[in-house]
Amino acid sequence: MTPLEVIFWIASAVILISAIMMVTRRNLVHAALFLIVTLFGVAVYYVLLEASFLAVVQILVYIGAIAILVIFAVMLTRQVTNPGQLFNKHASLALVMSILVFIGLYLALSVWPEFSAVAPEADTAAAISNLGTAFFVEEDGQPVYLLATMTASVLLLIPLVGAIFVARQKE
Amino acid sequence: MELTNLIIWLIPLPPLLAFFFIVLFTNKNNKLSHSIAVGGAGLSFLGAMYVFYQALTTNHFAEHPFGNAITWLNLGDKPFEIGVMIDPLSAIVLFFVAITVLMIFIYSIGYHNYGQPKGDHDKKGFPPHGAAQDGHTVLSIEPMYARFFAFIGLFAFGMFTLVVSDNLLTLFVGWEIMGLCSYLLIGFWFGKDSAKNAAKKAFMTTRVGDVFMLLGISYLFTEAGTLSFKAIFTEEMISHLAHADSYIPGLSVAGLAGILLFIGTVGKSAQFPLHVWLPDAMEGPTPVSAMIHAATMVSAGVYMVIRMFPLLQAGGHGELTTAMTVLAVIGSITALFAATIAVAQNDVKRVLAYSTISQLGFMVAALGIGAYVAAVFHLVTHAFFKALLFLGSGSVIHGMEHGVLHTGNHKVDPQDMYNMGGLSKKMPKTFWTFLIGGFALSGFPLITAGFWSKDEILADAFANGHMGVFWTLAIAAFLTAFYTMRQITLTFLGKARTKEAEHAHETPATMTTPLIVLAIFAIGFGWVGVPEHFPGIGGILPNWFHDFIAHGLPSFIHFETIHFSWTPLITSLVVALGGLLTGWLVYRNATTAENDPIKKLLGPVHTLLKNKYYFDELYDKVLVKPLAVFSEKVVYEFMDRKVIDGFLHKVAELTFSLGTIFREKFDLPVINEFFGDGTAAMTQWFGEKIRKIQSGNIQQYMIIAVLGAFVALFAFWMTLN
Amino acid sequence: MIPLSNYLIVAAGLFSIGLYAVLARKNAIMILMGIELMLNAVNINLVAFWRYLTPENVSGQVFAAMVFVVAAAEVAVGIALIMTVYRRRDTVSADEINLMKW
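Chains as they are written, first to last, in the working numbering: chain W, 134 to 304; chain L, 3 to 723; chain S, 2 to 103.
Incorrect hints may have been included.
What the hints assert, rightly or not - Here are some chain L residues the structure puts well away from chain S; computed CB gaps all over 10 Å:
| hint | residue |
| --- | --- |
| 1 | Glu-4 |
| 2 | Leu-19 |
| 3 | Phe-27 |
| 4 | Asn-29 |
| 5 | Gly-41 |
| 6 | Asn-70 |
| 7 | Gly-127 |
| 8 | His-138 |
| 9 | Lys-202 |
| 10 | Thr-512 |
| 11 | Leu-575 |
| 12 | Val-588 |
| 13 | Gly-680 |
| 14 | Ile-700 |
| 15 | Gln-701 |
| 16 | Val-708 |
As the list claims (entries may be wrong) - Under the rule of at most 30 Å between Cα atoms (straight-line distance), these lysine-lysine pairs were calculated in the BS3-like manner:
| hint | chain 1 | residue 1 | chain 2 | residue 2 |
| --- | --- | --- | --- | --- |
| 17 | L | Lys-120 | L | Lys-33 |
| 18 | L | Lys-602 | L | Lys-612 |
| 19 | L | Lys-497 | L | Lys-623 |
| 20 | L | Lys-667 | L | Lys-194 |
| 21 | L | Lys-431 | L | Lys-120 |
| 22 | L | Lys-667 | L | Lys-652 |
| 23 | L | Lys-125 | L | Lys-497 |
| 24 | S | Lys-102 | W | Lys-222 |
| 25 | S | Lys-102 | W | Lys-303 |
| 26 | L | Lys-694 | W | Lys-222 |
| 27 | W | Lys-222 | L | Lys-691 |
| 28 | L | Lys-623 | L | Lys-612 |
| 29 | L | Lys-691 | S | Lys-102 |
| 30 | L | Lys-694 | S | Lys-102 |
What the hints contain is simulated information worked out from the structure, not anything from laboratory work.
For glycine and all other residues, C-beta sits at the position ideal for the given N, C-alpha and C.
Whenever a hint applies, use it, and build me the whole structure from the sequences.
Listed below in structure tokens is the structure:
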């Protein structure tokens with residue numbers, strides 16, 4: 134077992150266990166904290182996959198923004214702890230469905246020839262600069278992802294405006 | 003030219019608008035109604051006079067008549083055109099129609115007692131009975147005063163349409179409008195059974211002629227492909243029609259079409275044997291008699307047949323064709339036969355009615371022997387003096403009614419000439435104008451219009467060697483003079499034979515003015531057609547009428563100039579003067595209807611004449627009764643009740659039972675219960691069950707969605723392997 | 002070396018757990034968090050595919066970045082909606098928000 138593999142298994146365990154913990158918590162603040170732990174585990178994955186830019190973004194955007202937003206929402210709705218039933222009446226059926234989806238995904242993937250592929254050697258140090266140029270710089274006169282970047286920024290702006298409008302307290 | 007054409011289009015319109023205005027808006031207001039009607043007739047009159055003046059002053063008018071046409075209907079490769087046309091013939095007809103129509107409209111105001119109080123017991127559909135005023139009984143206003151003006155407006159529209167038409171179809175439209183109006187106006191006093199029956203009789207008798215006329219029009223259209231006068235009366239078309247064989251052996255297409263159209267005239271102009279309706283039509287108000295039975299409608303029949311003259315003479319090359327022979331025979335018979343009946347009539351209007359039939363016979367006979375111009379001439383002069391006579395007789399009746407109301411003896415018939423006598427002093431204006439009209443009808447030499455036109459017919463007949471026609475018409479002319487003088491003598495001369503006649507009174511100015519205007523024409527119009535070779539005065543006045551009308555005929559039809567001959571002239575002088583003198587001599591001392599001098603002289607023949615040769619009875623026996631029996635026994639009781647009704651009842655029963663079976667056995671159980679109710683119940687049941695799915699619970703939806711996706715994935719995976 | 006399958010199996014597990022949260026938890030905010038887990042599972046896949054199959058092409062990472070954007074927007078709108086519903090009806094329980102039904 135290489136140190137990377139050890140880290141991988143620890144990260145996997147953290148992701149799955151904290152995810153299960155999150156789903157089953159009665160206290161929503163606890164659930165949000167377990168979500169943060171899960172997201173942190175995913176960030177570790179990104180590091181293992183040598184996508185360091187995404188790892189940083191994962192921590193900044195997810196843990197720094199989204200998770201905090203969720204905690205605020207929990208607090209504002211004043212339903213930190215659920216008084217009644219935690220799960221709805223379809224909970225057992227939902228559990229079966231989820232397991233079936235997992236099995237289905239596993240079966241679908243296992244027949245795929247690349248399922249057990251091994252990571253090829255790659256100059257991942259250059260990946261960040263490649264990503265940066267892919268986002269903004271033209272390549273052979275063609276802005277490969279420039280349009281997608283711009284669209285994404287607009288896509289981010291409009292829901293935020295909409296969210297403010299929806300949530301605005303009317304006089 | 004453009005303006006003239008526009009005016010020609012507009013001439014028929016004002017009376018029609020007057021009709022609609024009166025019917026829709028002003029029928030409660032008598033003054034407004036008659037103002038609108040007379041105004042409409044006046045506008046038409048002005049338009050007609052303008053067009054007539056243009057026709058007189060335009061050079062080469064006959065070669066280039068006024069008028070234009072629009073495409074009305076596209077019948078495949080034959081566009082059907084309707085339009086207006088004024089040629090010499092229609093110009094002269096328009097002239098006298100416009101004048102007489104306007105005069106009759108004005109006369110109607112007085113005739114229907116405008117300005118008089120409402121009657122005490124007057125009801126709609128009955129003639130006015132008079133009203134009490136200041137202790138006297140005076141004439142009362144017609145209860146349906148406005149309606150009368152509406153009807154005669156529509157009638158005038160029909161007549162103007164007929165005259166300005168440039169084709170047979172619109173002519174026929176005007177013709178039928180007049181037929182309808184004639185029905186409505188004869189039956190104007192529909193409360194009287196006699197008027198009601200007369201209206202029906204007139205309508206149905208003319209219908210017989212109209213059906214044949216429509217046949218003729220259709221046949222002509224089939225063969226010629228057009229109904230436009232201009233297109234038919236070309237040399238090629240006429241010769242084509244004259245040489246094509248018809249269904250009847252020995253008769254050309256032109257001949258058959260001409261005869262069929264002439265049968266229309268026989269009905270409309272009351273020629274033998276369809277003359278029976280016209281005397282009965284005297285049941286209508288007198289202006290109607292004047293309008294329909296003198297000036298316009300009966301003239302329309304003659305106008306149409308004159309218009310068709312090129313067709314009638316087609317193929318004759320100067321000789322008489324079959325169609326023309328038919329005309330000559332029918333016309334002569336009618337002229338003599340109606341004149342004999344007129345001698346024995348005592349009703350002042352009936353005498354005139356038979357005289358009208360007789361005079362129309364003169365015109366038809368004239369046309370039949372090819373005396374085209376003479377026929378037109380007599381048509382025009384007759385329209386003037388006969389309208390004058392009818393209006394005069396209306397004035398007489400009106401004066402007599404005054405007397406009747408004065409004495410209160412309602413048993414006295416104000417139309418019976420034996421109840422009159424000595425009216426010349428009571429009603430001088432009416433007397434002098436009536437005298438002029440009567441002399442014109444008799445053909446009083448030199449000064450009256452009737453002399454010139456009748457003389458021309460006799461001259462034509464003599465010059466062309468149609469001696470049968472000549473002598474028949476001469477005898478008829480003698481009888482005409484005789485019964486006219488009989489009428490004048492009985493009515494105006496001598497002493498009053500009843501108290502009512504003593505108290506008769508001159509009629510108002512609205513009635514006498516039209517009489518005077520028409521009297522002027524009854525004299526003066528003859529002078530436009532003095533023949534050039536007439537001894538003494540011939541050539542002083544140009545024979546303008548002959549030039550004007552004769553040029554209206556297509557140039558390929560030639561006339562031989564008539565050489566003057568003394569025989570017809572002397573004949574017409576003798577018959578006119580002789581007839582008048584005899585009439586006066588015989589009747590100057592007449593007392594009562596029982597002592598009628600002619601009655602003594604003729605004995606049973608008089609009874610025959612008095613009863614109009616029993617034509618009504620004959621038609622009743624031969625046509626009406628058998629038809630009624632046939633309708634009652636065969637058509638109604640056997641065909642309708644037994645066969646058709648029986649069949650229908652059987653069909654109805656069968657259908658009903660079939661329907662019951664279908665309903666009981668098929669519709670109710672299968673369609674309603676199984677398909678209808680079954681489907682509905684199933685849908686409802688299914689809806690009940692399936693609506694639970696839509697719970698509003700988002701998570702339930704998502705479970706179902708995932709399940710669906712999973713099933714889809716599984717199916718996909720299965721197909722993959 | 003860690004084979005691709007490991008990442009994919011963990012991502013599938015994470016996805017199923019998120020799905021279970023979405024389907025079974027009553028609280029609307031928990032549903033939102035479940036969606037975040039599912040999006041993260043997808044992201045893991047995207048990045049893993051990039052690294053193992055086409056490391057020379059950065060499109061996998063670009064896709065992952067797009068998912069971040071969508072997730073952020075989704076959370077913002079979702080929480081705004083939840084806040085509004087809570088103000089109106091005083092609840093954030095998904096099975097009580099069921100007005101749109103028969």
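Here is what the structure says about each hint:
Every Cβ of chain S is farther than 10 Å from the Cβ of Glu-4 of chain L; the closest lies at roughly 76 Å, confirming the non-interface assignment. Even its closest Cβ contact with chain S, about 68 Å, leaves Leu-19 of chain L beyond 10 Å, as expected for a residue assigned away from the interface. The non-interface label for Phe-27 of chain L is consistent with chain S: the shortest C-beta to C-beta separation is roughly 63 Å, beyond 10 Å. Even its closest Cβ contact with chain S, about 66 Å, leaves Asn-29 of chain L beyond 10 Å, as expected for a residue assigned away from the interface.
Remark: the non-interface label on Gly-41 of chain L is consistent with the geometry, its nearest Cβ contact in chain S lying 76 Å away (cut-off 10 Å). Listed as outside the interface, Asn-70 of chain L is consistent with that label: its C-beta sits roughly 75 Å from the nearest C-beta of chain S, beyond the 10 Å cut-off. For Gly-127 of chain L, the requirement that its beta carbon stay farther than 10 Å from each beta carbon of chain S is met, with the minimum near 73 Å. Look at His-138 of chain L: its CB is around 93 Å from the nearest CB on chain S, clear of 10 Å, so calling it non-interface holds up.
Every CB of chain S is more than 10 Å from the CB of Lys-202 of chain L (nearest about 74 Å), matching its label as outside the interface. Even its closest Cβ contact with chain S, about 87 Å, leaves Thr-512 of chain L beyond 10 Å, as expected for a residue assigned away from the interface. With a minimum CB-CB distance of about 112 Å to chain S, Leu-575 of chain L clears the 10 Å threshold, and the non-interface call stands. Here Val-588 of chain L stays apart from chain S, with its beta-carbon at least about 111 Å from theirs, past the 10 Å limit.
Every CB of chain S lies more than 10 Å from the CB of Gly-680 of chain L, the least distance being 24 Å, so the non-interface label holds. Its beta-carbon lying about 6 Å from the closest one in chain S, Ile-700 of chain L breaks the requirement of being farther than 10 Å from that chain. Its beta-carbon lying about 6 Å from the closest one in chain S, Gln-701 of chain L breaks the requirement of being farther than 10 Å from that chain. At roughly 7 Å, the least C-beta separation between Val-708 of chain L and chain S is not larger than 10 Å, which violates its mark as non-interface.
For the given pair, Lys-120 of chain L sits about 14 Å from Lys-33 of chain L by alpha-carbon distance, which is consistent with the 30 Å threshold. Straight-line distance between C-alpha atoms of Lys-602 of chain L and Lys-612 of chain L comes to about 13 Å, which keeps the hinted pair within the 30 Å bound. Using a Cα cut-off of 30 Å, the hinted pair Lys-497 of chain L and Lys-623 of chain L is violated, with the two alpha carbons roughly 42 Å apart. The hinted pair formed by Lys-667 of chain L and Lys-194 of chain L fails the criterion: a straight-line CA distance of about 60 Å is larger than 30 Å.
A distance of roughly 27 Å separates the Cα atoms of Lys-431 of chain L and Lys-120 of chain L; the hinted pair therefore holds under the 30 Å criterion. For a cut-off of 30 Å, the pair hint linking Lys-667 of chain L to Lys-652 of chain L stands: about 22 Å separates their Cα positions. For the suggested pair Lys-125 of chain L and Lys-497 of chain L, the alpha carbons sit about 36 Å apart, so the restraint of at most 30 Å is broken. For the hint pairing Lys-102 of chain S with Lys-222 of chain W, the CA-to-CA distance comes to about 18 Å; that is within 30 Å, so the pair holds.
Taking the CA atoms of Lys-102 of chain S and Lys-303 of chain W, the gap is about 27 Å. The hint holds against a cut of 30 Å. Taken as a hint, the Lys-694 of chain L and Lys-222 of chain W pair is honoured in the structure, with Cα atoms around 15 Å apart against an allowance of 30 Å. Taking the CA atoms of Lys-222 of chain W and Lys-691 of chain L, the gap is about 20 Å. The hint holds against a cut of 30 Å. About 18 Å separates the Cα atoms of Lys-623 of chain L and Lys-612 of chain L, which keeps this hinted pair within 30 Å; it holds.
A distance of roughly 14 Å separates the Cα atoms of Lys-691 of chain L and Lys-102 of chain S; the hinted pair therefore holds under the 30 Å criterion. Restraint check: the Cα-Cα separation between Lys-694 of chain L and Lys-102 of chain S comes to about 9 Å, which is no more than 30 Å; the hinted pair holds.
Hint compliance for this structure: hints 14, 15, 16, 19, 20, 23 are not met, and every other hint is.
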